[in-house]
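Asker: Sequence:
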Amino acid sequence: MSRLLALVTALVLGGHASTVRADETPVVVELFTSQGCSSCPEADEMLARLGERDNVIALALHVDYWDYIGWKDKFAHAAFTKRQKGYARSFGNRAIYTPQMVVNGVKEVVGNRPMDVIDLVQAHADKGLPVSLTLRRDGSSLVISAPESSGLREADIILIRYTPSETVNIPSGENAGKKLTYSHIVTEWSDIGDWNGQAPLSESVPISGAAPVVVLVQEKGYGPIFAAARLR
Numbered sequence: 001m002s003r004l005l006a007l008v009t010a011l012v013l014g015g016h017a018s019t020v021r022a023d024e025t026p027v028v029v030e031l032f033t034s035q036g037c038s039s040c041p042e043a044d045e046m047l048a049r050l051g052e053r054d055n056v057i058a059l060a061l062h063v064d065y066w067d068y069i070g071w072k073d074k075f076a077h078a079a080f081t082k083r084q085k086g087y088a089r090s091f092g093n094r095a096i097y098t099p100q101m102v103v104n105g106v107k108e109v110v111g112n113r114p115m116d117v118i119d120l121v122q123a124h125a126d127k128g129l130p131v132s133l134t135l136r137r138d139g140s141s142l143v144i145s146a147p148e149s150s151g152l153r154e155a156d157i158i159l160i161r162y163t164p165s166e167t168v169n170i171p172s173g174e175n176a177g178k179k180l181t182y183s184h185i186v187t188e189w190s191d192i193g194d195w196n197g198q199a200p201l202s203e204s205v206p207i208s209g210a211a212p213v214v215v216l217v218q219e220k221g222y223g224p225i226f227a228a229a230r231l232r
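Per this note's numbering, residue 1 is the first one in the sequence shown, and the count goes up by one each step.
Hints listed in this document are in silico derivations from the structure and should not be mistaken for laboratory results. Accuracy of the hints is not assured; some may be wrong.
Calculated cross-link-like contacts (lysine to aspartate or glutamate; reagent style DMTMM-like; alpha-carbon spacing at most 20 Å) [claimed, not checked]:
{"hint": "1", "residue 1": "82", "residue 2": "188"}
{"hint": "2", "residue 1": "178", "residue 2": "67"}
{"hint": "3", "residue 1": "85", "residue 2": "166"}
{"hint": "4", "residue 1": "74", "residue 2": "166"}
{"hint": "5", "residue 1": "74", "residue 2": "154"}
{"hint": "6", "residue 1": "82", "residue 2": "108"}
{"hint": "7", "residue 1": "220", "residue 2": "203"}
{"hint": "8", "residue 1": "127", "residue 2": "108"}
{"hint": "9", "residue 1": "85", "residue 2": "188"}
{"hint": "10", "residue 1": "179", "residue 2": "191"}
{"hint": "11", "residue 1": "179", "residue 2": "42"}
{"hint": "12", "residue 1": "107", "residue 2": "126"}
{"hint": "13", "residue 1": "220", "residue 2": "67"}
{"hint": "14", "residue 1": "82", "residue 2": "219"}
{"hint": "15", "residue 1": "107", "residue 2": "188"}
{"hint": "16", "residue 1": "85", "residue 2": "67"}
{"hint": "17", "residue 1": "220", "residue 2": "154"}
{"hint": "18", "residue 1": "85", "residue 2": "64"}
{"hint": "19", "residue 1": "220", "residue 2": "148"}
Ranges between beta-carbon positions, derived for each pair [stated by the list, open to error]:
{"hint": "20", "residue 1": "200", "residue 2": "86", "range": "27 to 33 Å"}
{"hint": "21", "residue 1": "177", "residue 2": "154", "range": "24 to 30 Å"}
{"hint": "22", "residue 1": "92", "residue 2": "171", "range": "37 to 43 Å"}
{"hint": "23", "residue 1": "148", "residue 2": "94", "range": "38 to 44 Å"}
{"hint": "24", "residue 1": "188", "residue 2": "96", "range": "30 to 36 Å"}
{"hint": "25", "residue 1": "106", "residue 2": "148", "range": "19 to 25 Å"}
{"hint": "26", "residue 1": "193", "residue 2": "172", "range": "37 to 43 Å"}
{"hint": "27", "residue 1": "171", "residue 2": "199", "range": "49 to 55 Å"}
{"hint": "28", "residue 1": "200", "residue 2": "176", "range": "51 to 57 Å"}
{"hint": "29", "residue 1": "193", "residue 2": "86", "range": "16 to 22 Å"}
{"hint": "30", "residue 1": "196", "residue 2": "85", "range": "24 to 30 Å"}
{"hint": "31", "residue 1": "211", "residue 2": "148", "range": "27 to 33 Å"}
Backbone N, C-alpha and C define an ideal beta-carbon position, used for all residues, glycine too.
When you get a sec, could you build the whole thing from the sequences and use the hints?
Answerer: Right under this line is the structure:
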């Protein structure tokens, strides 16, 4: 990690730590990234630092549109490119790019600009999410619950699994010769239901393996994230 990024992250995140209560809802940070993008490693490192915080749910979504440059990203999925394009339409953008971070589904920021990223994350940490979501394991099931919350728009319930960390040697493409470590690598993304807040949320879905689990409740059409929770 560059000295500047390490210094800025330590000073700003550390300086604000006392303002964040343990009972606050988390901040969801999605990073659209690629192993084939030379501008992405600093953002990947930034996401890893953010993901160390209990109040941040960090998600790395590797897109596939850099693969033609000369290195195929082993973590990339067309579905993540589709999601990024959906956000672009929602935000009124004409193009997509990496590294892009999207915070709580409502704001975007260039992922390798640490001060901008930290300011945005802290603003959303202070604001919180409108709904508190609870997850627990019950044998081979994941139990998802949330209180009634009138006034919500129709939302998707999304189940996510991710790999905490993996190191990759990259022999070709823009990052040729580098050995890079990636974190919070999304491997599974499933829409498991709908919710509008008119009644308490109570879902039970089968789950296996030890990989961390994240559940998001997000307004349909790539809108705001209403609730989020994680089991590591």
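Asker: Against this structure, judge whether each hint is valid.
Answerer: Hint check results:
1. Restraint check: the Cα-Cα separation between residue 82 and residue 188 comes to about 15 Å, which is no more than 20 Å; the hinted pair holds.
2. Distance check on the hinted pair: residue 178 and residue 67 sit about 16 Å apart at the alpha-carbon level, within 20 Å; holds.
3. Between the alpha carbons of residue 85 and residue 166 the distance comes to roughly 26 Å, so the proposed pair goes past 20 Å and is violated.
4. As the CA atoms of residue 74 and residue 166 are separated by approximately 11 Å, the hinted pair is consistent with the 20 Å bound.
5. For a cut-off of 20 Å, the pair hint linking residue 74 to residue 154 is broken: about 34 Å separates their Cα positions.
6. For the hint pairing residue 82 with residue 108, the CA-to-CA distance comes to about 16 Å; that is within 20 Å, so the pair holds.
7. Of the pairs offered as hints, the one joining residue 220 and residue 203 holds, with about 18 Å between alpha carbons and a cut-off of 20 Å not exceeded.
8. Restraint check: the Cα-Cα separation between residue 127 and residue 108 comes to about 16 Å, which is no more than 20 Å; the hinted pair holds.
9. A threshold of 20 Å between alpha carbons decides the hint, and for residue 85 with residue 188 the separation of about 19 Å falls inside it, so the pair holds.
10. Restraint check: the Cα-Cα separation between residue 179 and residue 191 comes to about 34 Å, which exceeds 20 Å; the hinted pair is violated.
11. Restraint check for residue 179 and residue 42: the C-alpha separation of about 13 Å stays at or below 20 Å, so the hint holds.
12. Note on residue 107 and residue 126: the hinted pairing holds, with a Cα-Cα distance of about 15 Å set against a maximum of 20 Å.
13. Taking the CA atoms of residue 220 and residue 67, the gap is about 29 Å. The hint is violated against a cut of 20 Å.
14. Restraint check for residue 82 and residue 219: satisfied, since their Cα atoms lie roughly 17 Å apart, inside the 20 Å limit.
15. Simply put, residue 107 and residue 188 have alpha-carbon atoms about 23 Å apart, too far for the 20 Å limit, and the pair is violated.
16. The hinted pair formed by residue 85 and residue 67 meets the criterion: a straight-line CA distance of about 17 Å does not exceed 20 Å.
17. At most 20 Å may separate the alpha-carbon atoms for a hinted pair to count; residue 220 and residue 154 meet this at roughly 6 Å.
18. The hinted pair formed by residue 85 and residue 64 meets the criterion: a straight-line CA distance of about 12 Å does not exceed 20 Å.
19. A distance of roughly 18 Å separates the Cα atoms of residue 220 and residue 148; the hinted pair therefore holds under the 20 Å criterion.
20. In this structure the hint that residue 200 and residue 86 lie 27 to 33 Å apart at CB holds, the actual value being about 28 Å.
21. As the Cβ distance of residue 177 to residue 154 is approximately 48 Å, the hint placing it in 24 to 30 Å is violated.
22. Roughly 39 Å separates the CB atoms of residue 92 and residue 171, a value that falls within the hinted 37 to 43 Å.
23. The given range of 38 to 44 Å is respected by residue 148 and residue 94, whose C-beta atoms sit roughly 39 Å from each other.
24. The hinted window of 30 to 36 Å between residue 188 and residue 96 is violated, with their beta carbons roughly 22 Å apart.
25. About 23 Å separates the C-beta atoms of residue 106 and residue 148, a value consistent with the hinted range of 19 to 25 Å.
26. In this structure, residue 193 and residue 172 meet the distance hint of 37 to 43 Å, their C-beta atoms being roughly 42 Å apart.
27. Take residue 171 and residue 199: their Cβ atoms lie about 53 Å apart, and the range 49 to 55 Å holds.
28. A beta carbon spacing of about 52 Å between residue 200 and residue 176 agrees with the range 51 to 57 Å that was offered as a hint.
29. Distance hint check: the CB atoms of residue 193 and residue 86 are about 19 Å apart, consistent with the given range 16 to 22 Å.
30. A hinted range of 24 to 30 Å holds for the C-beta pair residue 196 and residue 85, which are about 26 Å apart.
31. Taken as a hint, the range 27 to 33 Å holds for the pair residue 211 and residue 148, whose Cβ atoms sit roughly 31 Å apart.
When held up to the earlier numbered hints, the structure conflicts with 3, 5, 10, 13, 15, 21 and 24 and fits the remainder.
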